[in-house]
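Chains as they are written, first to last, in this note's numbering: chain A, 1 to 448; chain B, 1 to 325.
Just so you have them, the derived chain B footprint on chain A, three or more residues with Cβ under 8 Å:
(1) 270-276
(2) 283-295
(3) 368-379
(4) 428-435
Away from chain B, derived, C-beta distances all over 10 Å, residues of chain A:
(5) ALA8
(6) ARG167
(7) TRP183
(8) LEU328
(9) GLU334
Hint data in this document are derived by calculation from the structure and do not stem from the laboratory. In this text, a Cβ means the ideal position worked out from N, Cα and C, and glycines have one as well.
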Amino acid sequence: MIILWTDALIFLLIAVILMLGFYLRGKEYIKRPLQQIARSKVGMVSLTVLIFFVLIGLLDSIHFKPSEDGRSNEIISALDYWATPLREHGEKTYSAPFASYLYSKEMMMLADGTEQWGYPRLQFGGAHLADPETEQVPDILKKALYGWIQGASLVVFFMILLGSLLREPHKRLIVSPTAKAVWTVVFLIVSINYMLVYLSTYYHVFGTDKVGEDVFYQAIKSIRTGLVIGTLTTLVMLPMALLFGILAGFFRGWVDDVIQYVYTTLNSIPSVLLIAASILMVQVYMAAHEEAFTSVIVRADMRLLFLCLILGVTSWTGLCRLLRAETLKLREMEYVQAAQALGVRRRVILLRHILPNVMHIVLISVVLDFSSLVLAEAVLSYINIGVDPTTYSWGNMINGARLEMAREPVVWWSLAASFVFMFALVLAANLFADTVRDAFDPRRGAYE
Amino acid sequence: MTQYIIRRILYAFPLLMGVNILTFVLFFVVNSPDDMARMQLGQKHVTEKAVENWKQQRGYDLPLLWNGKAEGEEKLTRTIFYQKSVGLFLFRFGVSDSGRNISADIQQRMWPSLAVALPTLIVGLLVNISFALMMVLFRNSYLEHAGVVLCVILMSVSSLFYIIGGQFLIGKLLRLVPISGYDGGLSALKFLILPVLIGVFSGIGSGVRWYRTLFLEEVEKDYVRTARAKGLTETRTLFRHVLKNAMIPILTGVVVVLPLLFMGSLIMESFFSIPGLGSYTIDAINSQDFAIVRAMVFLGSVLYVIGLLLTDISYTLVDPRVRLS
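Okay, chain A solo, but in the shape it has when bound (with noise of 0.2 Å):
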């Protein structure tokens, strides 16, 4: 088992996340804005979709070294691990989704010894097939009915378990309207995806790239990249908003005016710019620093997390300005003069009752910059400020793929596969940010 620095930080984002939701329940401030979420249908559904991501990245964050002689420096994940024919199914360059052929022609050499210009056979897509031109559609449209039997059957078996199992009360958890969406939810997506599995042992469902590897697999991989950068750039930037944030609001004189100073310094540097120069220097540090960075992915792994710290530091400045304005106004509020007539210390007034009146501020922006960050970050590497070229990420697969849209036929697959999963991830995120934003901001909870 190894923990890379990524995986270690995503640990104990999960860790803190725990944390906060123990000290947290029970509390009726923030129950009510919960069962609001809980009712809320589109809420709930794209949170399904969501947890659907992060348990795909979580799988991908558990990393180990598959042979334990040391000979090999190869690290895989679990997610690795569990799709090898993926991985090694590798074939020579470009095929289009479920194609038996490769896509450029090459000089094959027949069984009678003769040589003739065409389309070569893939080594794996479809490789069980005699005859492609006829037995193809049928056989995918077999094997996709098969496994999407399989895994619909799976989903059905554990909710009549669940169904048996829960009683009265708890009844609500299946036949409530919000459940029955996300029941539906959950069952397409395990079904679907079930049945792409299944079907990619087979074929190639989106498939190969310039170099002939599985653009599914690409997809998937690119999950982890995604969400780390979503979050972890949150857990670099939320302890900086919320100190500077509340001491400004809070102590006013000149404590305000030199935090100020910080944030508008920080901001008048166009952030893709500071991005750009950021990222120069860590290619300078790490050229200048080989040996530290032994390994391919533990080089890459380090340039992930220094594109978050970065990303970080040039986003913390919008929810410091917000917390330092409202900070600004509970400070005059009675119940802070009250405490502090009563002369409680400053520290418990800033941790008791400034910080939780504010909660709901940081929350909200921190769902909400997650879907502009996992844009971000495509946008980023297309202009090689982004993620390690070797890493498996949506704007690597884009940049990679752009090029070839000159080409004829057109190779569109990697661009599609792309797009799918970052729309989705991105729409959930959206949707489910309209609802936390809904539930959580006082001045909307009026007009319903």
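Given the coordinates of chain A, work out where chain B should sit on it, guided by the hints.
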């Protein structure tokens, strides 16, 4: 008023100084000029002599902050920090690492950037505001719900896909306009249509949503109710009263980005190969030209600070309630 403006301009100096120190730390302290030289010249087979030469050509062979060998005030001025900062503040950006004059490049390249960015901003603003007003006009109807859903869907698509899709559809399949490129004078028009169109389209999702919340907040206010009670039609209330009052936050958002339009958009310009400042920056990043990146960072901050100043001034012009003090 003049006094206020002068004070704001003076306030800009510590900000720019801060930016300068930050970039200095990033570019010269985190990594020594030696590291940069090695990176530029190639890692492995590089002699001390070559590194020294590279540093001398670019003026990186001085000490960072304090020159012990020099005499008198030269102890401070004969350093990298002083030499490189003064140039930036006087807008003398010097030569790039590949030997080109940065100031001349910037002057030449900012116009194509502006030619893309300004129409995108104006058309985008008009489109977003009209859609948002329409949604507010039909609020609480199926039309509005559909609009909100559409906005969320539109903003969940990465801007890269809008560009690639637009280029493929309009440029390659329909062959209406050239896919990419640029030309001087009026013939630039046919190259500009596609980037502007795509730029506007990719901004619709978040833009319309933003303006919609803005208008909705305004619609709840008392003066709107008064206007309706007077018997004005809903359209008249919206266009005459709500729009005018909502112009104040809209204006703040727009004025602050106006100067930054010169910087152009990195992605747009590189996809459409427009020779603007955005693609200039990308090229510099890819060839790891530190001098250009540093110049662009500084220029960007100057433009942003100007934008802030313009915002404050425009406030007093449109909102009589705001008094400068």
